[in-house]
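Participant: Here are the chains, one letter per residue:
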Amino acid sequence: MRTTGGARGVVRAALMSCAGLGVALIVLAPYVVMMCTALKPERELRITPPRLTPIEWRVANVLEVVADPSFQGWLSASLIVALSSTAIVVAAATPAAYYTARHRFPGRSAFLLLVLVTQMFSPTALVVGLYREFFELGLVDTYAALILTNAAFNLAFAIWILRAFFAAIPREIEEAAAVDGCGRLRALVQVVLPLALPAIVTAVIFAFIAAWNEYIVALTLMTDPAHRPLTVGITSYVTAYVQHWNHLFAASALAIVPVVILFASIERHLVAGLTAGSVK
Amino acid sequence: MRASFGRYSVTGLYQGAVGTSNYVRLVQHEALPAVVVNTVIWVVTVVAVTVVASLGLAQLLNEELPGRRLVRWALIVPWAASLIMTAKLFAWIYDYYFGILNHVLVSLRLAAAPVDWLGNDATVMAAMIVVGIFVSLPFTTYVVLAGLAAIPPEVYEAAWVDGASAWRAYRTVTLPLLRPALLVAVVLNVIYVFNSFPIVWTLNDRNPGFAHDTMITYMYKVAFRSSLRDVGMAAALGVVNVLVILLAVLLYLRTVSWREADA
Numbered sequence: 001m002r003t004t005g006g007a008r009g010v011v012r013a014a015l016m017s018c019a020g021l022g023v024a025l026i027v028l029a030p031y032v033v034m035m036c037t038a039l040k041p042e043r044e045l046r047i048t049p050p051r052l053t054p055i056e057w058r059v060a061n062v063l064e065v066v067a068d069p070s071f072q073g074w075l076s077a078s079l080i081v082a083l084s085s086t087a088i089v090v091a092a093a094t095p096a097a098y099y100t101a102r103h104r105f106p107g108r109s110a111f112l113l114l115v116l117v118t119q120m121f122s123p124t125a126l127v128v129g130l131y132r133e134f135f136e137l138g139l140v141d142t143y144a145a146l147i148l149t150n151a152a153f154n155l156a157f158a159i160w161i162l163r164a165f166f167a168a169i170p171r172e173i174e175e176a177a178a179v180d181g182c183g184r185l186r187a188l189v190q191v192v193l194p195l196a197l198p199a200i201v202t203a204v205i206f207a208f209i210a211a212w213n214e215y216i217v218a219l220t221l222m223t224d225p226a227h228r229p230l231t232v233g234i235t236s237y238v239t240a241y242v243q244h245w246n247h248l249f250a251a252s253a254l255a256i257v258p259v260v261i262l263f264a265s266i267e268r269h270l271v272a273g274l275t276a277g278s279v280k
Numbered sequence: 001m002r003a004s005f006g007r008y009s010v011t012g013l014y015q016g017a018v019g020t021s022n023y024v025r026l027v028q029h030e031a032l033p034a035v036v037v038n039t040v041i042w043v044v045t046v047v048a049v050t051v052v053a054s055l056g057l058a059q060l061l062n063e064e065l066p067g068r069r070l071v072r073w074a075l076i077v078p079w080a081a082s083l084i085m086t087a088k089l090f091a092w093i094y095d096y097y098f099g100i101l102n103h104v105l106v107s108l109r110l111a112a113a114p115v116d117w118l119g120n121d122a123t124v125m126a127a128m129i130v131v132g133i134f135v136s137l138p139f140t141t142y143v144v145l146a147g148l149a150a151i152p153p154e155v156y157e158a159a160w161v162d163g164a165s166a167w168r169a170y171r172t173v174t175l176p177l178l179r180p181a182l183l184v185a186v187v188l189n190v191i192y193v194f195n196s197f198p199i200v201w202t203l204n205d206r207n208p209g210f211a212h213d214t215m216i217t218y219m220y221k222v223a224f225r226s227s228l229r230d231v232g233m234a235a236a237l238g239v240v241n242v243l244v245i246l247l248a249v250l251l252y253l254r255t256v257s258w259r260e261a262d263a
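One line per chain: the protein sequences are A and B, in this order.
Following this note's numbering, the numbering of the first sequence begins with 1 at its first residue and continues without gaps.
Following this note's numbering, the numbering of the second sequence begins with 1 at its first residue and continues without gaps.
Do not take every clue at face value.
Chain A stretches covered by chain B per the calculated footprint, using a threshold of three residues with CB under 8 angstroms from any CB of chain B [claimed, not checked]:
hint	segment
1	33-40
2	198-210
3	252-264
Honestly, the hints are just simulated from the structure, not real lab data.
Just so it is clear, CB atoms sit at the ideal spot from N, CA and C, and this is done for glycine as well.
Same shape as in the complex, but just chain B (with noise of 0.2 angstroms):
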């Protein structure tokens, strides 16, 4: 916090307080307007996503059916695996001549030609995205079958009695049965994917500037990578970036409405 009102030489010494100058440079900088869609863009796609594929995918698993545990074990590996190799991983299945995704869309006749998924400015974002949402559903969808397994059977069967239709009985009973779980789930996606940095890091890294980082990812090159090199700047931003994670905290702590008597 001090250090985001103070003034540091590149080598990290304390040149004494500046005020709120540090803020100024932040909010006149250019590239930050960008970064800020880039955020809203980041975090809304794929907490949205996330939360709509993991109803469907955990109302499947929520069945008693053959194949269920083989499921829900390959679900735990993008979960566990460290997420700056799933990213790599990524980064390689996105490349221009050697990836596999470009040969197989090709193939398939799904693309004319084979994509620069990362080197291009209108592809980047979104195959970020899709990585993002590979690596939230696993958690987000685990959230949502405990929220159905606290479903009564009763009700369904209340439903059943009063001859409601499957997709009645899920909007009707299910959905609104779900919301506490539902909720938990879109605060804690929300403060996971905004402090997520390997996969922006690591898929975007081929770019120059800051056209597709988010706060997290600008702040790191503003303090370390770029020529900036700019301590205060970045714990300026930084102080940003926690008062934003605080208020999504708030919005958690309101939603689950926490009280001693649950603690």
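Only chain A is shown next, with the shape it has when bound in the complex (with noise of 0.2 angstroms):
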């Protein structure tokens, strides 16, 4: 942008800092009514008029979550259902993305269509069928259902993203290896894959943060509130009976803020994974 004189050029600036501050602040004002709620104790939740910040910071509210049994059970099956389907997605997503990158082959094509179909069919339009698969395979109340499921819709993003990236790493240096002596496998693992390394880190991040926040499969699948993970498990701490909205709020900060920052620091792929097919 050409500058239209100094003094006009600064108000524009600091109207648009404004602008840009304004805008930052409603973001984040429902996230700020979040971490204050979770800092309130019990009686402060239900007083008129309500206030914004706790009169009392009561940070034993994050410790009793942290305590709580039943929380530490959904972490456990968070952490087991993200992990297992993300390192699923990374082992099945690596080979896969490479193959199509390096070679041209027939239903090349239309593999990668419905690679980038099923990224679109959330397991939300399929959770009846899904349901009812599952029924019939006995796999109902199961990490093994969610694992396939969360590793099933998380697949596309991961392969195209790698694709993108294993194409644009020139064949040369594989070739390059090669006349140095290094077989097929070895170039590839010790040539190409620290290459695609940031790709890699990216598919492994966004696996993770979709399968740590699915919801409506682990609600629908597990039956059994022992097995339940964060999404469905904090839910029980506002029910008709009883209204723990202290509780939930720190329970589910805790569950965000990690996740917030995983999910920054992919920000720069996020787009181009997700869009895939379409820009470029």
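Starting from the two chains in their separate frames, assemble the complex, guided by the hints.
Facilitator: Now the structure itself:
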């Protein structure tokens, strides 16, 4: 942009900055309410008029949630499901992406299209069918069912982002490795994979977060409260009978903060993966 | 798919094929018209407002201004946070007695009396739409930003040299060049918003019946929660939902003119 005179430019920049700050405030405001409510003692939840900030800042809420055996169970369920499904995604997506990036074969186009389409069919629309399927397989209320579903639905993103990355790595590098007496597999492991590391990290974080945040399949398939992941589990803090909003939000904050940090670290690659097949 | 043509007992046992009767029951179900209308309102409003708002927001974030990183970081929060937790959070903010929203509105004299946002037929859909926009905005803004980044600066300079005003340059240069990114944003958002479950599920859970459900939550209630417990009918609805998404996906592929060359 060309400057339109010093003073006007400064005023404009200041106005824009204020607008940006305003947007940031609006976006963050609900989460500020979340943090503040999480730190309120039980008796301050129902006062009129309601206050944003607690009168007594009660950090013990967070400690209570962490010490709660139910919370620990949900947390471990979330970790088991998210970590296992992420492992499956990366193990399956890396070779698939590498192969489709390096080779032309009949049906490649159809394969990539199919992968793209699975990304759009979220499990939500298919949940009734999924339930029937796992019911017949006897897998309702097992981690295996959740792990498989999450892995299946997050595979598409991983394949697309990895494929684009592999395709961008010049073939010559591998050929040079071959000239140096490197076997095909060794070239892949020692040369290509390290170069593709940023894309692999992105795929890992994305698959982990998507599984971590998944709700509807877990709500449907996990009938035993002890096996529920965090997203479903925490809702039991507020039901028709008990209303521990402070504990609900303390648990939510614990679940959200690490995920936001992870998410911010892959922000640059996200859009490319999510709009796969459309840009470039 | 097969389930939509079968009949199941409450315990889930398959009781034989029943042809198209699940579909007939679905079409005849009295809640269906309202649910379809809700779904259309929900998808169209959320997507339209989100796309327009994200155009402005992306333009703002495309400028080199102090604090831009902070705003981009803030935008990530609703995107990364679990939808169900955000939905619960809004249920609390909207609360009739103890919610902060009513307090703020009444103190600022924007409302004469507290509003029962989630219990009032007139406001519950609007309340859900606001949350829908809130969580759709980050992704859309980032897609538009990516589109803006792909526009070469020389184009702006050419418009500048030709003496176009900022607004005119935006309308005649930026918007047409943003078209591909916008189409992608619209179609993907339609798919995401149509599929969205936690927001409607959480904010509407106090209200009996199906008066404010979208096709996705309606299907879920029919299958698992309502007195109907009608897996066959829910599966029939599931097939309809999948067809709707398929249509959107085909539209998407047409829009981005998917070719092997791109793959």
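Participant: State for each hint whether it applies.
Facilitator: Verification of the supplied hints:
1. Remark: the segment 33-40 of chain A is confirmed as covered by chain B, as 3 of its residues place a Cβ nearer than 8 angstroms to a Cβ of that chain, reaching the required three.
2. Using a Cβ-Cβ cut-off of 8 angstroms, 1 residues of the segment 198-210 of chain A lie near chain B, which falls short of the minimum of three, so the contact claim is violated.
3. Counting residues of the segment 252-264 of chain A whose C-beta sits closer than 8 angstroms to any C-beta of chain B gives 8, which meets the bar of three, so the coverage hint holds.
Of the numbered hints stated above, the single one contradicted by the structure is hint 2.
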